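Given chain A's structure and the hints, the job is docking chain B onto it.
Heads up: the sequence lines are chains A and B, in that order.
Counting with this note's numbering, you get residues 9 to 122 for the letters of the first sequence.
Counting with this note's numbering, you get residues 368 to 482 for the letters of the second sequence.
There's no promise every hint is true.
Per label pair, the in silico range of CB-to-CB distance [to be verified]:
#	chain 1	residue 1	chain 2	residue 2	range
1	B	I464	A	H90	30 to 36 angstroms
2	A	A25	B	S385	44 to 50 angstroms
3	B	G395	A	N69	23 to 29 angstroms
Here are the simulated SDA-like pairs of lysine to any residue, each with C-alpha atoms no more than 20 angstroms apart in a straight line [to be verified]:
#	chain 1	residue 1	chain 2	residue 2
4	B	K411	A	K77
5	B	K411	A	R117
6	B	K445	B	E381
Everything labelled a hint here was simulated from the structure, so no lab data went into it.
Note that this is a predicted model, so its numbers are computed, not measured.
Even glycine gets a Cβ: it sits at the ideal position worked out from N, Cα and C.
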Amino acid sequence: AQSVTQLGSHVSVSEGALVLLRCNYSSSVPPYLFWYVQYPNQGLQLLLKYTSAATLVKGINGFEAEFKKSETSFHLTKPSAHMSDAAEYFCAVTDTGTASKLTFGTGTRLQVTL
Amino acid sequence: EAGVAQSPRYKIIEKRQSVAFWCNPISGHATLYWYQQILGQGPKLLIQFQNNGVVDDSQLPKDRFSAERLKGVDSTLKIQPAKLEDSAVYLCASSLIRGGSGEQFFGPGTRLTVL
Chain A
9 AQSVTQLGSH VSVSEGALVL LRCNYSSSVP PYLFWYVQYP NQGLQLLLKY
59 TSAATLVKGI NGFEAEFKKS ETSFHLTKPS AHMSDAAEYF CAVTDTGTAS
109 KLTFGTGTRL QVTL
Chain B
368 EAGVAQSPRY KIIEKRQSVA FWCNPISGHA TLYWYQQILG QGPKLLIQFQ
418 NNGVVDDSQL PKDRFSAERL KGVDSTLKIQ PAKLEDSAVY LCASSLIRGG
468 SGEQFFGPGT RLTVL
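Looking at chain A on its own, in the form it has when it is part of the complex:
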């Protein structure tokens, strides 16, 4: 069974600083990996996904993530944080089967301070 672990339930950065949100996965087969963002009282929105093409994936709003098989990681980064990035971020994994389901991590709340 697949699972993801998100290290750090809360991360605080200053505006303009690097954002790094950590995600490690566990999967017995090659996975697909996703990062979703959730703003207060809203549903989840896809930031980016890895589907076995390029290991460096670029997403919306300046975010990117790198798939590292040797480290079983898929960390999310953004070079310069903006106040509007404050939200909850979820890493998710699924396998490549046709009836796969998403398994989410517990989430990381990003706070951006002035």
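Chain B in isolation, oriented as in the chain A frame:
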């Protein structure tokens, strides 16, 4: 393009009462999902439909939860009777492609409080 619609947005009930949630997916999306998101946790899949057939309901507490998608479009999720631990946000999502790489589009959710 209209997104995934859910209603109601908020619901407060007492334990042992029943409640129903409604979801209308994006037009043309054959796959529909219901998730339960408990405060402080990631969403957990309750049930997945492909058109009007159930693909996965392994994590649905079938003694109290039921879901249907009769015409392969909109869907309802029901809880009867509700327990305190059912307090959560219930998210509906839909996707065009069934399976791993297909992006799931989420609705705003229904926040259920059971007193």
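Restraint check for K445 (chain B) with E381 (chain B), where alpha carbons must lie at most 20 angstroms apart
Within the cut-off at roughly 15 angstroms; holds.
Range agreement (Cβ of N69 (chain A) with Cβ of G395 (chain B), hint 23 to 29 angstroms)
holds, 26 angstroms
Starting from K411 (chain B), check that the Cα of R117 (chain A) is at most 20 angstroms away, please.
holds, 18 angstroms
Straight-line Cα separation of K411 (chain B) and K77 (chain A) no greater than 20 angstroms?
violated, 25 angstroms
Outcome for the supplied range 30 to 36 angstroms, where the beta carbon pair is I464 (chain B) and H90 (chain A)
Between I464 (chain B) and H90 (chain A), where Cβ atoms are some 32 angstroms apart, the hint holds.
Is 44 to 50 angstroms respected by the C-beta to C-beta distance linking A25 (chain A) and S385 (chain B)?
49 angstroms Cβ-Cβ, so the 44 to 50 angstroms window holds.
When each numbered hint is compared with the structure, a violation occurs for hint 4 only.
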